[in-house]
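Using the hints, position chain B against chain A.
Okay, here's what each chain looks like letter by letter:
2 protein chains.
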Amino acid sequence: MEGLTKIDDLGKPRVVIVGGGFAGLELAKALADVPVQVVLIDRQNYHAFQPLLYQVATAGLDADSVVSPFRKILNGQTNFYFRLAEVQGIDEVSRVVETSIGRVRYDYLVLATGAEPNYFGDAQMAKNSIALKSVEDAIELRNTVLSNFEQALQLGDMEQINSLLDFVIVGGGPTGVEIAGALSELRKHVFPKDYRELNFKEMDIHLIQSGPVLLKGMSAHASQHALESLRKFGVQVWLEARVKSYDGYTVTLNTGQKLITRTLIWAAGVEGAPIGGLRPTCLLPGNRYCVDACSRVVGYDRVFAIGDIAAMQSPAYPDGHPMVAQPALQQGRLLGQNIARLLNGQDPLPFTYDDKGAMATIGRNHAVADVKLFGQEFHLTGFLAWLAWSFIHVISLVGFRNRLSVFFTWGWNYVTQDKGLRYIIGKSKTPVREQEVAEKAVV
Amino acid sequence: MEGLTKIDDLGKPRVVIVGGGFAGLELAKALADVPVQVVLIDRQNYHAFQPLLYQVATAGLDADSVVSPFRKILNGQTNFYFRLAEVQGIDEVSRVVETSIGRVRYDYLVLATGAEPNYFGDAQMAKNSIALKSVEDAIELRNTVLSNFEQALQLGDMEQINSLLDFVIVGGGPTGVEIAGALSELRKHVFPKDYRELNFKEMDIHLIQSGPVLLKGMSAHASQHALESLRKFGVQVWLEARVKSYDGYTVTLNTGQKLITRTLIWAAGVEGAPIGGLRPTCLLPGNRYCVDACSRVVGYDRVFAIGDIAAMQSPAYPDGHPMVAQPALQQGRLLGQNIARLLNGQDPLPFTYDDKGAMATIGRNHAVADVKLFGQEFHLTGFLAWLAWSFIHVISLVGFRNRLSVFFTWGWNYVTQDKGLRYIIGKSKTPVREQEVAEKAVV
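From first to last, the protein sequence lines are chains A and B. Residue numbers in the first sequence follow UniProt numbering, run continuously in steps of one, and reach 443 at the last position. Residue numbers in the second sequence follow UniProt numbering, run continuously in steps of one, and reach 443 at the last position.
Note that these hints are calculated values from the structure, not bench results. Just so you know, not all the hints are guaranteed correct.
For identical chains, the list gives no copy identity; a pair is met inside one copy or between any two copies.
What the hints assert, rightly or not - Think about it this way: if two alpha-carbon atoms lie no more than 27 Å apart in a straight line, the pair counts; the simulated DSSO-like pairs of lysine-lysine are:
1) K216 / K244
2) K193 / K29
3) K188 / K258
4) K216 / K356
5) K216 / K372
6) K372 / K356
7) K188 / K6
8) K133 / K29
9) K193 / K232
10) K127 / K258
11) K12 / K193
12) K29 / K12
13) K201 / K6
14) K216 / K133
15) K193 / K6
Bound-form chain A, shown alone (with noise of 0.2 Å):
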């Protein structure tokens, strides 16, 4: 076939997972002793630990500890295979995916792309807010954080100064709660001892939510400390608010409030990441492959979808599993399974999801915390939370070097009581003089 790019051909069917998220690599590390070639492709050549990027965001880790390097962890693994590339569609009918290096033979395909910010069609959103979906995103929202404090410093409009100190986190999910709360931390301990020169007082946090409570899909219990304890924290929740634009500067909510702000973090909202090449019937509102309870891609035999991309209606999920980690790490790990039953001839075994619970923090060592354990739930708040969370996040991190340097890290910050990797480094903006800044104020 032409164009084939050059991998090895082992003689053994060969699983191409595209993606190497939770699920993507929980897969790849399940048919380790399966007898098939294991070729993984991302568009980076490492995984990176989301639920740990607003910390590489607020400067509390830095971005090294939440990366592992494909090639390093699987290293061991000789049926694994990884390719850096971007894909870019699927020809089904001859079984190779097309991408930036050539097209890839497969036996299976497992899509395992994730999901990238929902912007609900609004492009211009999409252009002047940030998201944290990336290890990228965080260091250049670091970088803009640090960046507007050093510009401040050389305006004199108190509305200029504020557009430049104040933040807008759109969505009261666990994403927005905690950069929410981290940003009050590093407002209260941090900021004023390394700008002397500018008022923190005058820093606003807004966090806006659609809904009526934060945290939606934690206990009522849950929401509702975190809603106190933000509000304690100085941080501004607007409840069944919307923005309804956002031009770069001002924000303007649907009850008619404007808020002025240079920095909008979005976290309202994620859709999932597909691939063109598949039919379209396959794809649901949301964008995610809709499968059945084995994973595979309705309509199709060799296609599987895992994590946040697919969606596997039942009963108690109508629109698919939340997308989280949970989900996306036991949907891989038993699509790794399955696939061995496939090959011995047996029946692949039906998903049930099993939840462990829920947790997000609200600043420097509070938490809360929904777990579920011997069929008790258990509301944890507070400190107790925040070491439940801190301890599964930490084993729950790829690498054990990775383990130790973020445990190292919070030890650290939380002795001192500072978060000290606030360095720009990488995509920045070098501050200008204050006729300037008033000129590019105009949108």
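Same frame as chain A, but now just chain B:
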């Protein structure tokens, strides 16, 4: 005065320091208890520990371990002010510096802008090679190396593959020797595990040195040992050789020999990085300001220069001091004392360089070190030298957290014989099809 940027007027003499490298930072700290206002201006918001940049470039350390944000290091020093800006010129008559954020008034101006790569007028080399003077350089080199390997997987033509696997390092001083050593270590221990499909016996590392010995400034013992060790580690060392041209693919030496590589690392020379506005006559060849024994720029009484940018000529050092860390640190420290003396109406003290020696690593646990202690000179090599090198570098890092972090990372790397930081984060090239690679080779 028009266009002055906003900085508090403390009613004290203001010392403006341009550049927060070894010299500028040391001076800022030395002025902590002197009745002045210290204003440090730098294009980055952090100090980068340059001796360890090559380790970031070869994935042995993360970038965050070798940088320290100015605001954090000096947030306890009440007379310290920082501005993130680009300094564009000096108006010595009005006693202001022109910057991207406006004009900054000074009573004393200290230029500590350091050095930049010296391409000896070869603009093509400047464009096609990678130097290692900044964190972004180091990250870009790391990304380039890893991306090149990913690209090599797509190719069948041996010359093309080698162009991506091979390295040419120009410059046989400590930087060139250290990079060559680090790469040889990766070639032996790390890359073959990560990239099982590539044959790293094909990876060539060339080190090009214009003179007859490596590490020209060190003892003959050190030079000879470095040469033997690098050759033993498989580095091809070319002495008495110069690069005539490099077009991004073919390196042509003065001997007529040609080498093929897409990765040429320029470590062959640095020159000062001056700012416009002073008389051209105060710049010596190599673009360093000519200063007297008290670091005053010749012909000015309120303008000083320290570190790499300053050439303090003396019989022992007719071209000024070597452009390394020790003179910079010592000059910064002394100038702090001298400014205090000047304010007290005392004469400043002349500078004498206390040459403590030099060191360079040559691989995982191998170094050469000339140490001057108690009037004696010790020539250490091998593991002992490496221990000394490691110790000196760890304690010299700015910030206790960085010291712990680097100590931990080195310990980990040593025990695991691995360097875990093989991520491509930031600027990089997505691999492409083989035909596209061949097209791009025609520069």
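**Request:** Give the relationship of K193 and K29 under a CA distance limit of 27 Å: within one copy only, between copies only, both, or neither.
**Result:** Between. Shortest inter-copy distance 17 Å satisfies the 27 Å Cα cut-off; intra-copy 46 Å does not.
**Request:** At 27 Å max between alpha carbons, let me know whether K216 reaches K356 within a copy, between copies, both or neither.
**Result:** Intra 16 Å, inter 63 Å, cutoff 27 Å: intra-copy only.
**Item:** Copy assignment of K193 with K232, given that the CA separation must stay at most 27 Å
**Value:** within (22 Å within a copy, 52 Å between copies)
**Request:** Go through the copies and call it for K133 and K29: within, between, both or neither, with a Cα cutoff of 27 Å.
**Result:** Result: close within a single copy only, 23 Å intra versus 40 Å inter.
**Identical-chain pair category, K188 with K6, by Cα at 27 Å** = So K188 and K6 pass the 27 Å test across copies only (24 Å; inside, 55 Å).
**Asked** Is it within, between, both, or neither for K216 and K244, if the alpha carbons may be no more than 27 Å apart?
**Response** Intra 21 Å, inter 66 Å, cutoff 27 Å: intra-copy only.
**Asked** At most 27 Å between C-alpha atoms: does K216 with K133 qualify within a copy, between copies, both, or neither?
**Response** within (20 Å within a copy, 49 Å between copies)
**Request:** First find the shortest C-alpha distance between K216 and K372 inside one copy, then the shortest across copies, and answer within, between, both or neither for a cut-off of 27 Å.
**Result:** within (17 Å within a copy, 67 Å between copies)
**Request:** Using 27 Å as the alpha carbon limit, work out where K193 and K6 are close: within a copy, between copies, both or neither.
**Result:** Answer is between: at 19 Å across copies they meet the 27 Å cutoff, but 55 Å inside does not.
**Request:** Go through the copies and call it for K188 and K258: within, between, both or neither, with a Cα cutoff of 27 Å.
**Result:** This pair counts as within: shortest intra-copy Cα distance 25 Å, inter-copy 60 Å.
**Within, between, both or neither, where K372 and K356 count as close if Cα-Cα is 27 Å or less** = within (5 Å within a copy, 62 Å between copies)
**Copy assignment of K201 with K6, given that the CA separation must stay at most 27 Å** = between (59 Å within a copy, 20 Å between copies)
The earlier numbered hints are all upheld by this structure, with none contradicted.
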